[in-house]
Amino acid sequence: MTDQQSLSIGEVIKVLRKDFPEITVSKVRFLETKGMILPRRTAGGYRRFDRADVARLRYILGQQRDHFLPLKVIKSKLAAWERGDDPYDPAGSDGSLLEEAGEPITRIDVLRRSGLTSDQLDDLVAHRLIAPLPGDEDIFPPEAGPVASEAKRLMDRGLGGRHLRAIRLAVDREVDLFRSVAGPLVRVQWLGEGGEHVQELLVGCADALVGIHRALLLASLRAELGR
Numbered sequence: 001m002t003d004q005q006s007l008s009i010g011e012v013i014k015v016l017r018k019d020f021p022e023i024t025v026s027k028v029r030f031l032e033t034k035g036m037i038l039p040r041r042t043a044g045g046y047r048r049f050d051r052a053d054v055a056r057l058r059y060i061l062g063q064q065r066d067h068f069l070p071l072k073v074i075k076s077k078l079a080a081w082e083r084g085d086d087p088y089d090p091a092g093s094d095g096s097l098l099e100e101a102g103e104p105i106t107r108i109d110v111l112r113r114s115g116l117t118s119d120q121l122d123d124l125v126a127h128r129l130i131a132p133l134p135g136d137e138d139i140f141p142p143e144a145g146p147v148a149s150e151a152k153r154l155m156d157r158g159l160g161g162r163h164l165r166a167i168r169l170a171v172d173r174e175v176d177l178f179r180s181v182a183g184p185l186v187r188v189q190w191l192g193e194g195g196e197h198v199q200e201l202l203v204g205c206a207d208a209l210v211g212i213h214r215a216l217l218l219a220s221l222r223a224e225l226g227r
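The letter at position 87 of the sequence shown is residue 87 when you use my numbering, and the numbering goes up by one with no holes.
Hints should not be assumed to be uniformly reliable.
[To be verified] Pairs of lysine-lysine residues, derived as DSSO-like cross-links and limited to a Cα-Cα distance of at most 27 Å, are as follows:
(1) 75 with 34
(2) 14 with 152
(3) 27 with 72
(4) 34 with 14
(5) 27 with 75
(6) 18 with 34
(7) 75 with 18
(8) 27 with 14
(9) 75 with 14
(10) 72 with 34
(11) 72 with 18
Honestly, the hints are just simulated from the structure, not real lab data. From a predicted model like this one, the values you see are computed outputs, not experimental measurements.
Turn these sequences into a full structure, and let the hints steer you where they fit.
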């Protein structure tokens, strides 16, 4: 692609702004400093973006917006994406899941990305499905994004925070179960470098629990439909 065919950073912003209204020049420059994109530079030092650069930016921004993934995880997916093989599991299946969940998210972004109303978000907070970070009621942990989006689907079908509270209570019980498994390992310091053994154990337990939960839930729903 020649300089006439390539795009300046300002032109890239115009192309992407329809789908990603929050895109800014600073955002693009930040992604470059993190090694997420590598636009060509002219002799005068100006950035020039070709079609592949724009597609890569679109993919990165989509992963952040739709899956709330941190850059570390997105970067690990880029090679597969470039091959045309985007894994179903956006976050992988190893202990890194417990190390980095992403960046905190503002209340405004939770509302905008999920489609929840302010009252619905307050309802979820009141019933402990979502909790702001200590010391700032307008900043939420990264998990608030996907929780809010999935809760919106259920709330659109007539459920409220008081119904969804059962999910929070179930998770609390499951964490207690995992604590009973991992606790003895921590006490005898069977950790390895960085605690990998405990992390692998917990992630393995979580995968098994999700599989059991899905199978039992679907079986129960089939039984309900068969009555």
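Going through the hints against the structure:
For a cut-off of 27 Å, the pair hint linking residue 75 to residue 34 stands: about 9 Å separates their Cα positions. Among the hinted pairs, residue 14 with residue 152 is inconsistent with the structure: their alpha-carbon atoms are about 31 Å apart, more than 27 Å. This hinted pair checks out: residue 27 and residue 72 have alpha carbons roughly 16 Å apart, not beyond 27 Å. Using a Cα cut-off of 27 Å, the hinted pair residue 34 and residue 14 holds, with the two alpha carbons roughly 22 Å apart.
Only pairs whose Cα atoms come within 27 Å are accepted, and residue 27 paired with residue 75 is accepted, the gap being roughly 16 Å. Distance restraint check for residue 18 and residue 34: the Cα-Cα separation of roughly 24 Å lies within the 27 Å cut-off, and the hinted pair is therefore satisfied. With a C-alpha separation of about 24 Å, the suggested pair residue 75 and residue 18 falls inside the 27 Å cut-off, and the hint holds. A distance of roughly 13 Å separates the Cα atoms of residue 27 and residue 14; the hinted pair therefore holds under the 27 Å criterion.
About 24 Å separates the Cα atoms of residue 75 and residue 14, which keeps this hinted pair within 27 Å; it holds. At roughly 9 Å between alpha-carbon atoms, residue 72 and residue 34 fall within 27 Å of each other, so this suggested pair holds. Proposed proximity of residue 72 and residue 18 is supported: the alpha carbons are some 26 Å apart, at most 27 Å.
Checked against the numbered hints given earlier, this structure breaks only hint 2.
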